[in-house]
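Chemist: This is what each chain is made of:
Number of protein chains: 2
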Amino acid sequence: MTQVKTRILLDPEETPKHFINIVPYLRRKLDPPLNPLTDEPMPPEALEAIFARECVKQEASTEKRIRIPEEVREGLMHFSRPTPLQRAIRLEKYLKTPARIYFKREDVSPTGSHKLNTALTQAYYAQQQGVERLATETGAGQWGSAVALSCSYLGLEAMVYMVRISYDQKKYRGALMRSYGGEVVPSPSTRTEFGRKILTENPDHPGTLGIAISEALEDTMKSDRTKYTLGSVLNHVLLHQTVIGQETIEQLNMVEETPDEVIGCVGGGSNFAGLSYPMLASDDFTNTKFIAAEPSACPTLTEGRYCYDFGDTAGMTPKLKMYSLGASFTPPKIHAGGLRYHGVAPTISMLYEDKKIEAKAYGQIDVLNAGITFAKTEGIIPAPESAHAIKTAIDSALDAKENGREKVIVFGLSGHGHFDMLAYEALMQGELENT
Amino acid sequence: MTQVKTRILLDPEETPKHFINIVPYLRRKLDPPLNPLTDEPMPPEALEAIFARECVKQEASTEKRIRIPEEVREGLMHFSRPTPLQRAIRLEKYLKTPARIYFKREDVSPTGSHKLNTALTQAYYAQQQGVERLATETGAGQWGSAVALSCSYLGLEAMVYMVRISYDQKKYRGALMRSYGGEVVPSPSTRTEFGRKILTENPDHPGTLGIAISEALEDTMKSDRTKYTLGSVLNHVLLHQTVIGQETIEQLNMVEETPDEVIGCVGGGSNFAGLSYPMLASDDFTNTKFIAAEPSACPTLTEGRYCYDFGDTAGMTPKLKMYSLGASFTPPKIHAGGLRYHGVAPTISMLYEDKKIEAKAYGQIDVLNAGITFAKTEGIIPAPESAHAIKTAIDSALDAKENGREKVIVFGLSGHGHFDMLAYEALMQGELENT
Numbered sequence: 000m001t002q003v004k005t006r007i008l009l010d011p012e013e014t015p016k017h018f019i020n021i022v023p024y025l026r027r028k029l030d031p032p033l034n035p036l037t038d039e040p041m042p043p044e045a046l047e048a049i050f051a052r053e054c055v056k057q058e059a060s061t062e063k064r065i066r067i068p069e070e071v072r073e074g075l076m077h078f079s080r081p082t083p084l085q086r087a088i089r090l091e092k093y094l095k096t097p098a099r100i101y102f103k104r105e106d107v108s109p110t111g112s113h114k115l116n117t118a119l120t121q122a123y124y125a126q127q128q129g130v131e132r133l134a135t136e137t138g139a140g141q142w143g144s145a146v147a148l149s150c151s152y153l154g155l156e157a158m159v160y161m162v163r164i165s166y167d168q169k170k171y172r173g174a175l176m177r178s179y180g181g182e183v184v185p186s187p188s189t190r191t192e193f194g195r196k197i198l199t200e201n202p203d204h205p206g207t208l209g210i211a212i213s214e215a216l217e218d219t220m221k222s223d224r225t226k227y228t229l230g231s232v233l234n235h236v237l238l239h240q241t242v243i244g245q246e247t248i249e250q251l252n253m254v255e256e257t258p259d260e261v262i263g264c265v266g267g268g269s270n271f272a273g274l275s276y277p278m279l280a281s282d283d284f285t286n287t288k289f290i291a292a293e294p295s296a297c298p299t300l301t302e303g304r305y306c307y308d309f310g311d312t313a314g315m316t317p318k319l320k321m322y323s324l325g326a327s328f329t330p331p332k333i334h335a336g337g338l339r340y341h342g343v344a345p346t347i348s349m350l351y352e353d354k355k356i357e358a359k360a361y362g363q364i365d366v367l368n369a370g371i372t373f374a375k376t377e378g379i380i381p382a383p384e385s386a387h388a389i390k391t392a393i394d395s396a397l398d399a400k401e402n403g404r405e406k407v408i409v410f411g412l413s414g415h416g417h418f419d420m421l422a423y424e425a426l427m428q429g430e431l432e433n434t
Numbered sequence: 000m001t002q003v004k005t006r007i008l009l010d011p012e013e014t015p016k017h018f019i020n021i022v023p024y025l026r027r028k029l030d031p032p033l034n035p036l037t038d039e040p041m042p043p044e045a046l047e048a049i050f051a052r053e054c055v056k057q058e059a060s061t062e063k064r065i066r067i068p069e070e071v072r073e074g075l076m077h078f079s080r081p082t083p084l085q086r087a088i089r090l091e092k093y094l095k096t097p098a099r100i101y102f103k104r105e106d107v108s109p110t111g112s113h114k115l116n117t118a119l120t121q122a123y124y125a126q127q128q129g130v131e132r133l134a135t136e137t138g139a140g141q142w143g144s145a146v147a148l149s150c151s152y153l154g155l156e157a158m159v160y161m162v163r164i165s166y167d168q169k170k171y172r173g174a175l176m177r178s179y180g181g182e183v184v185p186s187p188s189t190r191t192e193f194g195r196k197i198l199t200e201n202p203d204h205p206g207t208l209g210i211a212i213s214e215a216l217e218d219t220m221k222s223d224r225t226k227y228t229l230g231s232v233l234n235h236v237l238l239h240q241t242v243i244g245q246e247t248i249e250q251l252n253m254v255e256e257t258p259d260e261v262i263g264c265v266g267g268g269s270n271f272a273g274l275s276y277p278m279l280a281s282d283d284f285t286n287t288k289f290i291a292a293e294p295s296a297c298p299t300l301t302e303g304r305y306c307y308d309f310g311d312t313a314g315m316t317p318k319l320k321m322y323s324l325g326a327s328f329t330p331p332k333i334h335a336g337g338l339r340y341h342g343v344a345p346t347i348s349m350l351y352e353d354k355k356i357e358a359k360a361y362g363q364i365d366v367l368n369a370g371i372t373f374a375k376t377e378g379i380i381p382a383p384e385s386a387h388a389i390k391t392a393i394d395s396a397l398d399a400k401e402n403g404r405e406k407v408i409v410f411g412l413s414g415h416g417h418f419d420m421l422a423y424e425a426l427m428q429g430e431l432e433n434t
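Those protein sequence lines, which keep their order, are chains A and B. First residue of the first sequence? That's 0 in numbering that gives the first Met the number 0, and the numbers climb one at a time after it. First residue of the second sequence? That's 0 in numbering that gives the first Met the number 0, and the numbers climb one at a time after it.
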């Protein structure tokens, strides 16, 4: 029996030493963030009231590579970097496809997703400048878990505003964050003026990511020992995720493969960017297609507009030039909570506008069924977010079968679904609509 | 900064090629199983009505090494073997201990525990003899998940009787098993005569592992296309787990460490045996202490009797010579469901009786607090079962600190606690008793 190499591992010491910055590789200059009150371009320093100084610096950086601090790199290694690249050999057999399918396993992070890469980095920069507490929001809970663990690792306090519907549905996520020592409240909460205002109007408001961001920002601005930390969208956040793609390139080299397609799910875009940016910044992948997979219930790229918009609901964030469904858009309550966001990262938006990347949208029944197929063949129950990438990969592999041609597909398994079993249960009970 | 090697990885190709059989290494001959009706010694063949033929053969084997079928080995590799051995460097720092603490990560299995090692092996042997369906029971759900995935992998049907209290508390576990294509019912169920009898007497019966075993056995005996599969206690089950200890020995060699203490949690004993038996079968570990950690709510080794007893509640299984609290013992509803079993493996019982291994018992508040400490330092939320081993390791590390001496501690992280967050939530809400 010929042994196919199905799990491609790197040594902890091979964890990347730099982040790869996509900005200098873009065809055009990024449009600057605008002051939400005046619509004037904002100097980066204005963001220092909210974010750690080093993050603000990175937000505007045009350096191609930025060194990862040794303490951060050690933390990434401690928490399972580099992650495996794995060949989905059983999925291939099940689909009877000539395509070779690889997936990058961010699910092995102790918090269950790729989010720790930037949470740890941001927390480190904040700690270095004397910050004692981080405030943030979370939807599905992957980001909040990563922030809570990062704070515990570095001796900071963590304050997490969790979208109420997720807080109620995913009690285990809240418990995980609390286990790490984080404080978690459902948003809208009574902790902030904005939260109280919304609760007065509607005591049963299910919350949105936009509202939770507004709450975390208000919390930050009221406390001088607190900084805010964001899990997606901004340049520096996506930057920190590029360890994913750098490792993937190394691992593909080890099995001498060049991908025809690289697929990632897209909410704010951090997972997709983490996987694809190091390849988009390289000359070795000019024949590779990059595909962003999003929910048809929140079709930011496929149906949104490329325009300046707020990142939150209250209009407290700078305006960003991005694909958006509008800052007041409330997506249906689909189970991929991490993709229920009205906007998408400015860098991804520009790459999409310039046709360097493509996008596809899928209904949640199709997506979760793909997740079940993946669980049955590869054993891993994927996060509903990640299942969008799996659906795209499966469709592509079936297409390869139909056309009888080989193809190399790489997708990002951004996280596991252990805290999302409610979604799969609802699917199996026939309770979902394919929105 | 000196880099300490904190994650010790083996290549997939280094997955063990043999199981290590402890039986020929025991000082005395094992007492034979007795026929439950006649109390006469049972010939192994009598078990073939229930178990796969090869499992029955292995149950009575005195070979020192048994070859792992290549298809099984490939499956083990596909599902993440070899698993990492990791140094708990952050836990050490937090405890300020001179001890070096290593843990073997069975939590990286896609079903979240060590159980897949034997589930896959048993399912393979059953499939090889033409069996189409496996029936089993599960307590906490780790075993049922492993059986469901193994059946999916090999094209068999899976039928899981899940202890009702766990079924109700751990809805996500049921959903996971169903995602893998398994059928899951709460036990006592209406599927079997024994289940119906119990439900007639008490419609709200919370179930026990003993009852669920009786149901799965009755199911098996009524169907000629079905075999039964057990997740612990028996020789062949423990045998299949010895891949864990063999890898651990290799990994300890890589960092040139010899453990002073090897610690595992014990319910039926499969995780403890998997880690320790390859060392107990070797001459290189004569100065190593082996410690079994159990719940004080179900103190089988520390307070049980060494005698012949049934494995189930209905008295359908052969009687085994083992430490037992009595087949009718109903343990309190602690959260470490996998350790709520009245008996312990005959081989472990004999080793304990012969003082080759030690045992310690802990209350669940102390155990879960140790789990939280581990989550905060190492990032991984452990299964409540595994937290027993962590509690033992922490106590030992603190002892080393008090005595100011170095020490090498290795413990088995038998699984993660993603499906057990209710336990930690109850702990943090102050709802638990330290039983």
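These are calculated hints, taken from the structure and not from any lab test. Keep in mind that this is a model prediction, so the values were computed, not measured. Check the hints yourself; a few may be wrong.
Remember, identical chains collapse to one label, so a pair may be satisfied in a single copy or spanning two.
Stated by the list, open to error - In the SDA-like style, the derived pairs of lysine to any residue whose C-alpha atoms are separated by at most 20 Å in a straight line are:
{"#": "1", "residue 1": "LYS375", "residue 2": "GLN126"}
{"#": "2", "residue 1": "LYS375", "residue 2": "GLU182"}
{"#": "3", "residue 1": "LYS170", "residue 2": "VAL3"}
{"#": "4", "residue 1": "LYS170", "residue 2": "LEU421"}
{"#": "5", "residue 1": "LYS92", "residue 2": "ASN201"}
Chemist: Would you mind marking each hint as holding or not holding in the structure?
Modeler: The hints, checked one at a time:
With identical chains, the CA atoms of LYS375 and GLN126 are at most 20 Å apart between copies only, with a shortest distance of 17 Å across copies and 43 Å within one. When the C-alpha separation of LYS375 and GLU182 is checked against a cutoff of 20 Å, the pair qualifies only between copies, where the shortest distance is 14 Å, while the shortest distance within a copy is 36 Å. In this homomeric assembly, LYS170 and VAL3 never come within 20 Å of each other (Cα to Cα): the closest approach is 40 Å inside a single copy and 37 Å across copies. Taking the closest pair of Cα atoms, LYS170 and LEU421 come within 20 Å of each other both inside a single copy (11 Å) and across two copies (8 Å).
When the C-alpha separation of LYS92 and ASN201 is checked against a cutoff of 20 Å, the pair qualifies neither within a copy, at 51 Å, nor between copies, at 48 Å.
The earlier numbered hints that this structure contradicts are 3, 5.
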